[in-house]
Amino acid sequence: MKRSPLGLKLPEGMRDMLPEELARLEEMEAKALKTCRLWAYQKVATPGLEYRACVEPDAYKHDDLYKFFDKNGQILAIRPEFTTPIARMVVSRLKNPLLPLRYCYSGDVYRNNAARYREFRQVGVELVGSGSEVADAEVIALAVEIMKSLDIPNFQINLGHNGIFSGLAEELSIKDQLRLELEDGISRKDMVRLEGVISQSPLPSTVKELLLAMPHLTGGDEVLDKLKGWSHLQAIQKAVESLQNIFQHLEDFGVKDYVALDLGILRGFSYYTAAIFEGYLPGVGIPVIEGGRYDNLYADFGVNSPATGFAVNLGIILEQQTEFRVEKAEILVYGDSQREVIKYCCKLRQEGKVVEMVLEPLSDQDVTSLAQSKGIDQVIKV
Amino acid sequence: MPKNFLTIALPKGKLLTDSVQLLTQAGIDCRGVKEDSRRLLFDLPPNQARIIICRPTDIPTYVEHGAADIGFVGKDTIIEQNCDVAELLDLKFGYCRFVVAMPEENLPPILPNGEYDLNFINHKRVATKFPRVAQMFFSSKGMQVTPVKLHGNIELAPRVGLAETIVDIVSTGRTLRENNLKEVAQILEATTRMIANRVSYRIKYERIQELVDKCRELLQEK
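Residue numbers (my numbering), protein chains in the order written: chain P, -11 to 370; chain S, 45 to 266.
It is possible that some hints are incorrect.
[What the hints assert, rightly or not] Some chain P residues near chain S, calculated using beta-carbon distances under 7 Å:
#: 1; residue: N146
#: 2; residue: K177
#: 3; residue: D178
#: 4; residue: V180
#: 5; residue: Y246
#: 6; residue: G273
#: 7; residue: Q353
[Claimed, not checked] Computed footprint of chain P on chain S; a stretch qualifies when at least three of its residues, placed anywhere within it, have a C-beta under 8 Å from a C-beta of chain P:
#: 8; stretch: 109 to 121
#: 9; stretch: 194 to 204
[Claimed, not checked] Below, computed lysine-lysine pairings styled on DSSO-like, alpha-carbon distance capped at 27 Å:
#: 10; chain 1: S; residue 1: K226; chain 2: S; residue 2: K136
#: 11; chain 1: P; residue 1: K196; chain 2: S; residue 2: K226
#: 12; chain 1: S; residue 1: K258; chain 2: P; residue 2: K196
#: 13; chain 1: S; residue 1: K258; chain 2: P; residue 2: K214
#: 14; chain 1: P; residue 1: K196; chain 2: S; residue 2: K47
#: 15; chain 1: P; residue 1: K163; chain 2: P; residue 2: K136
#: 16; chain 1: P; residue 1: K244; chain 2: S; residue 2: K136
No lab work stands behind these hints: they were computed from the structure. From a predicted model like this one, the values you see are computed outputs, not experimental measurements. Built from N, CA and C at the ideal position, the CB exists for glycine as well.
Input sequences plus hints: build the corresponding full structure.
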């Protein structure tokens, strides 16, 4: 059957991987997973397909899911990330888990949005069952170690907090309408709207100043002392103390120099509840790492459990790579008797050699030039 | 490239002069940056910055991908393109309004409150460069329309029967008058904004925020 012209194309945002690229990707993946193993994270896998009900984001949020129906009319979605499916797995499969759980994963995720490839490889971890700051610090330190293991220079991790706005909203009993407007401004990273909403709000002027200044609090942990002295509101004090503890642990892990404080990381509606962090590479327009604490996600599935974790976007890191190597055959084998050639190849492979055999009858000269053009160092005639 | 190197995307056309003027006042030496059909990239070595000049509608795309760290672009374009960028500052210039307009000979009936009855437009065709904005506006009114996406000279569409109504941006209203079109509703007002790539704004925060603060001061002096 001859394919229609569409059969030669790829759906938007999809890509093939030729050997050079795939080898590089898998090399990075292996290094990242090896680092996870050193930190005692066990690898798990969840299926590519879930019910939409599992992976859908908050009701208000526009979703980027690839969706379709199964035979029973239920809506399925291809996984857009691993954190939620792993929460589903933990809650539904482990009835008395020995907490904390340390899981890692690696696989492709699918997001139907236009900016980049819509299928990309993620490696990530989840640390489930600990609400302590040392757990936050552990996953941040692990993220740093993974980036180091990938030999990626110039990466930077920014650490912020996603609980301040919601904490303040609760503490100050900010009305729903105002709260929605603030959250909308935050999730769109629209400072103009945020400033407008805050200045026109009926909030006390000290709170307004605080809210306006918050996204600009960046730098080292000295900024935290300043913030702590600034407001006695509980939401602030709690976040500051938590971040200070995390920084202390990061120093002990020896990774503090890679991490900058940044209360301007705005995520809006999302499952993150406290410390959040992002990893950046210069020249890459989207974060290469996204992570943080999500203490309410497990509760959404009916079990209260604090958790934290992150995902590294290996796909976007791969796009930055310029050097590709691919494993070549070590030996090219040929001869007049195919039977002898096959037997000899099998013998060499048992010895652990990477062996390629010549399939067509070729002259000595042709075989030599074939080996040259393929970059195979050794030729054996049997 | 030094860590704090800034790539700034500016829009071709009428916003360019104001943008260049503001940047110059804010201490970025933009001498030689002008709209010239050939040159689109200007290096500004002493400032560790460069400027790219592109179509206004492309600016959010350059910024979203991080090809430009910051950009100057109308709020109208930001809304229509719906890109994931941080919006940093209202630059106040380039004021325009999104409006719904119809031919004078075919206006909707007027309601007791003096406004036009937009339900008249239900199921009609709306010619526009901004189908997303148009769709958002009409949906919020519980109305259904058929957007017809055009790339320019929207005012022509009702005159030749391509659409019954238009959604377009107006600054003075002259184009509407010249084409016998009358505004029947305002959708929103827009001015030029400074936008930033979300990662650039974090890793080049100090440099970008310094520029934002300087521009803000300059705008307040006016």
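Status of the Y246 of chain P interface restraint (C-beta, 7 Å, chain S):
violated, 13 Å
Given the hinted pair K196 of chain P and K47 of chain S, is their Cα-Cα distance within 27 Å?
violated, 33 Å
Can we keep the N146 of chain P interface hint, with Cβ of chain S closer than 7 Å?
With a minimum Cβ separation of about 5 Å from chain S (threshold 7 Å), the hint on N146 of chain P holds.
Given the hint that K226 of chain S pairs with K136 of chain S, does the C-alpha gap stay at or below 27 Å?
holds, 26 Å
Minimum beta-carbon distance criterion (7 Å), D178 of chain P to chain S:
holds, 4 Å
Does the nearest C-beta of chain S fall within a distance shorter than 7 Å of the C-beta of V180 of chain P?
For V180 of chain P, the interface hint holds, since the closest Cβ of chain S sits about 5 Å away, which is under 7 Å.
Sort out whether K214 of chain P lies within 27 Å of K258 of chain S, counting only the CA atoms.
Measuring from Cα to Cα gives roughly 24 Å; hence the hint holds.
Next item in the hint list is K177 of chain P. Is there a CB on chain S closer than 7 Å to its CB?
holds, 4 Å
Hint check: K258 of chain S vs K196 of chain P, CA-CA at most 27 Å. Holds or violated?
holds, 22 Å
Counting residues of the stretch 194 to 204 of chain S whose CB is closer than 8 Å to a CB in chain P, do you get three or more?
That given contact is violated, which follows from only 0 residues of the stretch 194 to 204 of chain S lying within Cβ reach (below 8 Å) of chain P.
Holds or violated: is the Cβ of G273 of chain P closer than 7 Å to a Cβ in chain S?
Hint on G273 of chain P: holds, closest Cβ of chain S at ~2 Å, below 7 Å.
Hey, K196 of chain P versus K226 of chain S, does the alpha-carbon distance stay inside 27 Å?
violated, 42 Å
Checked against the numbered hints above, the structure violates hints 5, 7, 9, 11, 14, 15, 16; every other hint is satisfied.
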